[in-house]
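> Each chain is listed here by its residues.
There are 2 protein chains.
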Amino acid sequence: MQTFNQFQAIFEQYMAANRFEKPPAALYEPVDYILSLGGKRLRPAMLLLGYSLFDEAIEKALPAAFAVEIFHNFSLVHDDIMDAAPLRRGKETVHSKYGLNAGILSGDVMLASAFSQLLRLRNKKMLPAIMEVFTRMAIEVCEGQQMDMDFETTEQVSIAEYLKMIELKTSVLVAASLKMGAMLAGASSANANHLYEFGRNLGIAFQLQDDLLDTFGDPNKVGKKVGGDIVQNKKTFLYLQALALADDATKGKLLKLYAAGPYDEKSKVETVTAIFRELRIGEITERLKESYWVEAIGSLRSVEARENGIGLLEKFAENLMQREF
Amino acid sequence: MQTFNQFQAIFEQYMAANRFEKPPAALYEPVDYILSLGGKRLRPAMLLLGYSLFDEAIEKALPAAFAVEIFHNFSLVHDDIMDAAPLRRGKETVHSKYGLNAGILSGDVMLASAFSQLLRLRNKKMLPAIMEVFTRMAIEVCEGQQMDMDFETTEQVSIAEYLKMIELKTSVLVAASLKMGAMLAGASSANANHLYEFGRNLGIAFQLQDDLLDTFGDPNKVGKKVGGDIVQNKKTFLYLQALALADDATKGKLLKLYAAGPYDEKSKVETVTAIFRELRIGEITERLKESYWVEAIGSLRSVEARENGIGLLEKFAENLMQREF
Numbered sequence: 001m002q003t004f005n006q007f008q009a010i011f012e013q014y015m016a017a018n019r020f021e022k023p024p025a026a027l028y029e030p031v032d033y034i035l036s037l038g039g040k041r042l043r044p045a046m047l048l049l050g051y052s053l054f055d056e057a058i059e060k061a062l063p064a065a066f067a068v069e070i071f072h073n074f075s076l077v078h079d080d081i082m083d084a085a086p087l088r089r090g091k092e093t094v095h096s097k098y099g100l101n102a103g104i105l106s107g108d109v110m111l112a113s114a115f116s117q118l119l120r121l122r123n124k125k126m127l128p129a130i131m132e133v134f135t136r137m138a139i140e141v142c143e144g145q146q147m148d149m150d151f152e153t154t155e156q157v158s159i160a161e162y163l164k165m166i167e168l169k170t171s172v173l174v175a176a177s178l179k180m181g182a183m184l185a186g187a188s189s190a191n192a193n194h195l196y197e198f199g200r201n202l203g204i205a206f207q208l209q210d211d212l213l214d215t216f217g218d219p220n221k222v223g224k225k226v227g228g229d230i231v232q233n234k235k236t237f238l239y240l241q242a243l244a245l246a247d248d249a250t251k252g253k254l255l256k257l258y259a260a261g262p263y264d265e266k267s268k269v270e271t272v273t274a275i276f277r278e279l280r281i282g283e284i285t286e287r288l289k290e291s292y293w294v295e296a297i298g299s300l301r302s303v304e305a306r307e308n309g310i311g312l313l314e315k316f317a318e319n320l321m322q323r324e325f
Numbered sequence: 001m002q003t004f005n006q007f008q009a010i011f012e013q014y015m016a017a018n019r020f021e022k023p024p025a026a027l028y029e030p031v032d033y034i035l036s037l038g039g040k041r042l043r044p045a046m047l048l049l050g051y052s053l054f055d056e057a058i059e060k061a062l063p064a065a066f067a068v069e070i071f072h073n074f075s076l077v078h079d080d081i082m083d084a085a086p087l088r089r090g091k092e093t094v095h096s097k098y099g100l101n102a103g104i105l106s107g108d109v110m111l112a113s114a115f116s117q118l119l120r121l122r123n124k125k126m127l128p129a130i131m132e133v134f135t136r137m138a139i140e141v142c143e144g145q146q147m148d149m150d151f152e153t154t155e156q157v158s159i160a161e162y163l164k165m166i167e168l169k170t171s172v173l174v175a176a177s178l179k180m181g182a183m184l185a186g187a188s189s190a191n192a193n194h195l196y197e198f199g200r201n202l203g204i205a206f207q208l209q210d211d212l213l214d215t216f217g218d219p220n221k222v223g224k225k226v227g228g229d230i231v232q233n234k235k236t237f238l239y240l241q242a243l244a245l246a247d248d249a250t251k252g253k254l255l256k257l258y259a260a261g262p263y264d265e266k267s268k269v270e271t272v273t274a275i276f277r278e279l280r281i282g283e284i285t286e287r288l289k290e291s292y293w294v295e296a297i298g299s300l301r302s303v304e305a306r307e308n309g310i311g312l313l314e315k316f317a318e319n320l321m322q323r324e325f
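If you read the protein sequences in the order shown, they are chains D and G.
With this note's numbering applied, the first sequence corresponds to residues 1 to 325, in that order.
With this note's numbering applied, the second sequence corresponds to residues 1 to 325, in that order.
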């Protein structure tokens, strides 16, 4: 069975051979632009990996892999407009480079094109079921993005709501990618669902890890400045858990630090981090992350796959959590 | 067989029973809002009519009818953002009422939800073919909208490009609606394709008629001020045909009237209309419209349908062109 890097490479090759490059140029140039910005092609590679657990002819799954990558990039283009983000992967975002209207319309045509990729799948009998998984995922990702935006203006976000938001915004696409790959390879629905659950729980664990690293990570290993979430007043799991556990005085202090301002960035990060430490938020988050991880691995080990597939996927998941891939 | 008004009523009833009304409210309220603004439900009614030509159990086609209406409204929501339009059917546009981000994201979830409606169709064997028609249409509508936007900043738009633009932006949705209805009812592909061609040509004829009425129509019958397209410097068929036929002096005059400004609206409309008359643009447009109409009716009459379906559809098409429905 191929390694994860090999799946990535096979997918990159397919993408390079399937550039949009057609008129009207103002519509499709932004599409080729965002798709060429790189990224790790995690979702399509996971779809191919999901396929390879049950069948070796992974080329049959390439259109579906392309569909999830196009969908992912569609969501980046529209999210970047909504977040007014100037940069993506160190380059101009689509709307910064081509304008708002291009960002909207090129995003729209990407969403439609993701479906059109699915229609290229040769396995027509499986298509309604694949479409079902994909469409549900697409709707859920929109719902997750809406929840995330709602949270910006909601003072009290519950832990449950936060976990639901990251599940919808991040996890379901990973889960659906794995499941679609498995389905296309003829996996039983039990196996396909185990993979979905693996992806869903892995995605949540990954996001909790992300929240943790942003505050408590080693700046040399994380590759970015620690404390960014605190500076941006992001309602991460850490912050919401701290609010839930703090006494009234500490809670008031936190709310003020995340509302008023401007504050000196460095001392704000230090003050908030100290509160998090005091409340043992790092340990609590670590434990919750661990429980999602255990769930994920449990689901994965229930999958009956060919060759060393499960071991490969488990190893990949470990690397993903360690940010080594 | 039901009348067109009956198809509209059946569809309205289905829509009323299928409101979104779910969380997150900020995502779905705008969807219910735009869908409740009215409109004539032409496309879903045509889909049901297309179905009824071959089978009477039109309730089986209702999810597809809903899909085309959701898609149409998705395109209105995003187009209104791109056109910075404050009003739609006399009410606030979605982005005016709920904000830019809601306009983008609610539009996105509508596009995904249109696909999810298609997945509700009970005829799973037909689904890949239906999805194919729908997805191609969705992509073409985006391309048409892009061409329309491109034209705003292009000085020389050819007649062929203009006709292609209105075909993609307007006609293919009508054509696909009819075809999908026919396919769901088990029509032969010859019959389904005849209906597609009928819808495609009818849509172009309708748009040419629209261009004509805006300049030469009877204000009492058209129901809006005549000359609006001229005031807004819209590159309609009339304008492009005039540019193509005018001598250099007249061409220069037209280009100036459509570029500089501000002009007194009334005298600008009069001057441009006089140029159009001088160049016999009304007659030319009328003749072209007529040729698309003849094509449309020719395709329609090639369809082998049950009962009086073809007659009903022809009568409806006539009313549509007369703006009486």
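Just so you know, these hints were derived from the structure itself, not from any lab.
Some hints here could point you the wrong way.
[To be verified] Pairs of lysine to aspartate or glutamate residues, derived as EDC-like cross-links and limited to a Cα-Cα distance of at most 20 Å, are as follows:
1) D:K164 / D:E152
2) G:K22 / D:E265
3) D:K60 / G:D150
4) G:K40 / G:D55
5) G:K224 / G:E161
6) G:K22 / D:E56
7) G:K97 / D:D55
8) D:K22 / G:E161
9) D:K22 / G:E295
10) G:K60 / D:E132
11) D:K22 / G:E167
12) G:K125 / D:E152
13) D:K124 / G:E132
14) D:K251 / D:E152
15) G:K256 / G:D229
16) G:K22 / D:E167
17) G:K124 / D:E132
18) D:K125 / G:E132
19) D:K124 / D:E167
20) D:K22 / G:D150
21) G:K256 / G:E270
22) D:K97 / G:E140
> Against each hint, give a clear statement of whether it holds in the structure.
Comparing the hints with the structure gives:
1. D:K164 / D:E152: Given pair D:K164, D:E152 holds - Cα atoms ~15 Å apart, limit 20 Å.
2. G:K22 / D:E265: Violated, at roughly 40 Å.
3. D:K60 / G:D150: 37 Å, violated
4. G:K40 / G:D55: 23 Å, violated
5. G:K224 / G:E161: 27 Å, violated
6. G:K22 / D:E56: 42 Å, violated
7. G:K97 / D:D55: 51 Å, violated
8. D:K22 / G:E161: 15 Å, holds
9. D:K22 / G:E295: Distance of about 29 Å is beyond 20 Å: violated.
10. G:K60 / D:E132: Given pair G:K60, D:E132 holds - Cα atoms ~19 Å apart, limit 20 Å.
11. D:K22 / G:E167: 18 Å, holds
12. G:K125 / D:E152: 44 Å, violated
13. D:K124 / G:E132: 12 Å, holds
14. D:K251 / D:E152: Holds, at roughly 18 Å.
15. G:K256 / G:D229: Given pair G:K256, G:D229 holds - Cα atoms ~16 Å apart, limit 20 Å.
16. G:K22 / D:E167: 18 Å, holds
17. G:K124 / D:E132: Holds, because 12 Å separates the two Cα atoms, which is no more than 20 Å.
18. D:K125 / G:E132: Answer holds: D:K125 to G:E132 is near 14 Å, not above 20 Å.
19. D:K124 / D:E167: 30 Å, violated
20. D:K22 / G:D150: Holds, at roughly 15 Å.
21. G:K256 / G:E270: Judged against 20 Å, a Cα distance of about 15 Å means the pair holds.
22. D:K97 / G:E140: Distance of about 24 Å is beyond 20 Å: violated.
Hint violations for this structure: numbers 2, 3, 4, 5, 6, 7, 9, 12, 19 and 22, all remaining hints satisfied.
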